[in-house]
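Residue numbers (our numbering), protein chains in the order written: chain L, 74 to 226; chain V, 74 to 226; chain E, 26 to 108; chain U, 26 to 108.
These are calculated hints, taken from the structure and not from any lab test.
Incorrect hints may appear among the rest.
[Said to hold, decoys possible] Pairs of lysine-lysine, DSS-like flavour, derived with a Cα cap of 30 Å: (1) L:Lys185 - U:Lys88; (2) L:Lys184 - U:Lys88; (3) E:Lys88 - V:Lys184; (4) E:Lys88 - V:Lys185.
[To be verified] Facing chain U, from chain L, some residues (calculated, C-beta under 10 Å): (5) Tyr120; (6) Met123; (7) Ala124; (8) Glu127; (9) Arg130; (10) Ile160; (11) Arg177; (12) Ile180; (13) Arg186; (14) Leu187; (15) Val189; (16) Lys192; (17) Trp202.
Fair warning: this is a prediction, and the values are worked out from it, not measured in the lab.
Ideal Cβ placement from N, Cα and C applies to all residues, glycine included.
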Amino acid sequence: MTYLSRNPLAVDSLLARVQSPERGGTCVFLGTVRSDDDVTGIDYSAYDDMAVAEIERILGEAQERWVNARVTLQHRLGLVPVGEASIGIAAAAPHRDEAFAACRYVIEEVKKRLPVWKKELHADGTTTWVDPSGRPHPLTPSPQSGEGERIPR
Amino acid sequence: MTYLSRNPLAVDSLLARVQSPERGGTCVFLGTVRSDDDVTGIDYSAYDDMAVAEIERILGEAQERWVNARVTLQHRLGLVPVGEASIGIAAAAPHRDEAFAACRYVIEEVKKRLPVWKKELHADGTTTWVDPSGRPHPLTPSPQSGEGERIPR
Amino acid sequence: MPNITVRFFARYAELTGCDTTAVRVSGSSATVADVLARVRETVPGARDLPPRPLAAVNLRQVKLDARVEDGDEVALLPPLSGG
Amino acid sequence: MPNITVRFFARYAELTGCDTTAVRVSGSSATVADVLARVRETVPGARDLPPRPLAAVNLRQVKLDARVEDGDEVALLPPLSGG
Chain L
74 MTYLSRNPLA VDSLLARVQS PERGGTCVFL GTVRSDDDVT GIDYSAYDDM AVAEIERILG
134 EAQERWVNAR VTLQHRLGLV PVGEASIGIA AAAPHRDEAF AACRYVIEEV KKRLPVWKKE
194 LHADGTTTWV DPSGRPHPLT PSPQSGEGER IPR
Chain V
74 MTYLSRNPLA VDSLLARVQS PERGGTCVFL GTVRSDDDVT GIDYSAYDDM AVAEIERILG
134 EAQERWVNAR VTLQHRLGLV PVGEASIGIA AAAPHRDEAF AACRYVIEEV KKRLPVWKKE
194 LHADGTTTWV DPSGRPHPLT PSPQSGEGER IPR
Chain E
26 MPNITVRFFA RYAELTGCDT TAVRVSGSSA TVADVLARVR ETVPGARDLP PRPLAAVNLR
86 QVKLDARVED GDEVALLPPL SGG
Chain U
26 MPNITVRFFA RYAELTGCDT TAVRVSGSSA TVADVLARVR ETVPGARDLP PRPLAAVNLR
86 QVKLDARVED GDEVALLPPL SGG
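Isolated chain L, as found in the complex (with noise of 0.2 Å):
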């Protein structure tokens, strides 16, 4: 299994991965880089060893908590370009709800725990990095006033 890619995402693969005759319902979301202002695509980098680890960790809690549900993911690295997908999740169930609330899941933990950060590339030629609320960060080195509130897990 591989989580983290520099190549773009394969819903099939996605889903082969999961789907089964006994789950009847699968729920697929995609978060694709957006074209905000002039954002041309976005470089993602990753703490490669911890976010394997950190993935492992949610996919982990997802299964213990829907026990019939099977769920993965693929993250991609890398310059992803504006319109294509740098996540995938996908979470098959014998149920519906199962499967919605198994993606859910998965998406906001990954939101909150994995180590990936977001540089924009910007048509002028510019990046800046991306804040988790949305504010982009200056590369100037100014630090963020909350930025070490964070309570980690």
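With the hints as your guide, set chains V, E and U onto chain L.
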């Protein structure tokens, strides 16, 4: 737009109908035929004209409620073998909350309102009509208690 | 005398042995319930329909007290099980 | 004297100009905060790190008062923005 189809559903074509560079979150739901007991497949039939009208109403409601979202669906008719999808819904929106909510809304309304019926095919060659609560209807003409209790919307 | 097209689907089509029939109901304030009563008289297998089936008029689900007009299409729908 | 590998990511790697460094902290009850203080002394650009950055020890996020042991890998993480 063909909302009803006798061919296998293609997730990619659903995605293509709703995704755009402004919509960063996409939620897909697939309902597939489950291998319950000795079921080998389900034969889907519909009141086609009303099904299309109802789908248009449901998608219109979703569109009014989540104005930045785009939602589509395709329902397969005819014989659908175990493991294949009978319905696919795709919702794309600027943010994931709206994508999940719109997708969920559509599948719930479809289950309540779409004039579509399932006849289960069993390994021994027999068939049973599926009741929405999941109880099979015997083909003998015994009116089911409660069947007439449903309040039309 | 409104002339109404009546359609049967799925299990109900099996019960009645037909997909479509036409009935006439009397008066200008006829309802789906009146159509249903007339169907029970004229279509043999329709006696086995449940007392209060789901119904639609002109592609929209309605209650049994909904009015019908000449040319309407009334559909009798087994419990829905789409998706 | 625990010997700790420290890793910087994304914006923090840009601030410090490096991906990895090694520091030694004194005592058997050293914490991530001690590692961070030592990093600020030894890595010039690290003065510009925020006062309380996110941190991980051995691939797991921890608070700054978490203990570190010889051979641990401490990572300093800019605000996470995966997905």
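Hint check results:
no.: 1; hint: L:Lys185 - U:Lys88; verdict: holds, 15 Å
no.: 2; hint: L:Lys184 - U:Lys88; verdict: holds, 19 Å
no.: 3; hint: E:Lys88 - V:Lys184; verdict: holds, 19 Å
no.: 4; hint: E:Lys88 - V:Lys185; verdict: holds, 15 Å
no.: 5; hint: Tyr120; verdict: holds, 5 Å
no.: 6; hint: Met123; verdict: holds, 4 Å
no.: 7; hint: Ala124; verdict: holds, 8 Å
no.: 8; hint: Glu127; verdict: holds, 8 Å
no.: 9; hint: Arg130; verdict: holds, 8 Å
no.: 10; hint: Ile160; verdict: holds, 5 Å
no.: 11; hint: Arg177; verdict: violated, 12 Å
no.: 12; hint: Ile180; verdict: holds, 6 Å
no.: 13; hint: Arg186; verdict: holds, 7 Å
no.: 14; hint: Leu187; verdict: holds, 3 Å
no.: 15; hint: Val189; verdict: holds, 3 Å
no.: 16; hint: Lys192; verdict: holds, 7 Å
no.: 17; hint: Trp202; verdict: holds, 5 Å
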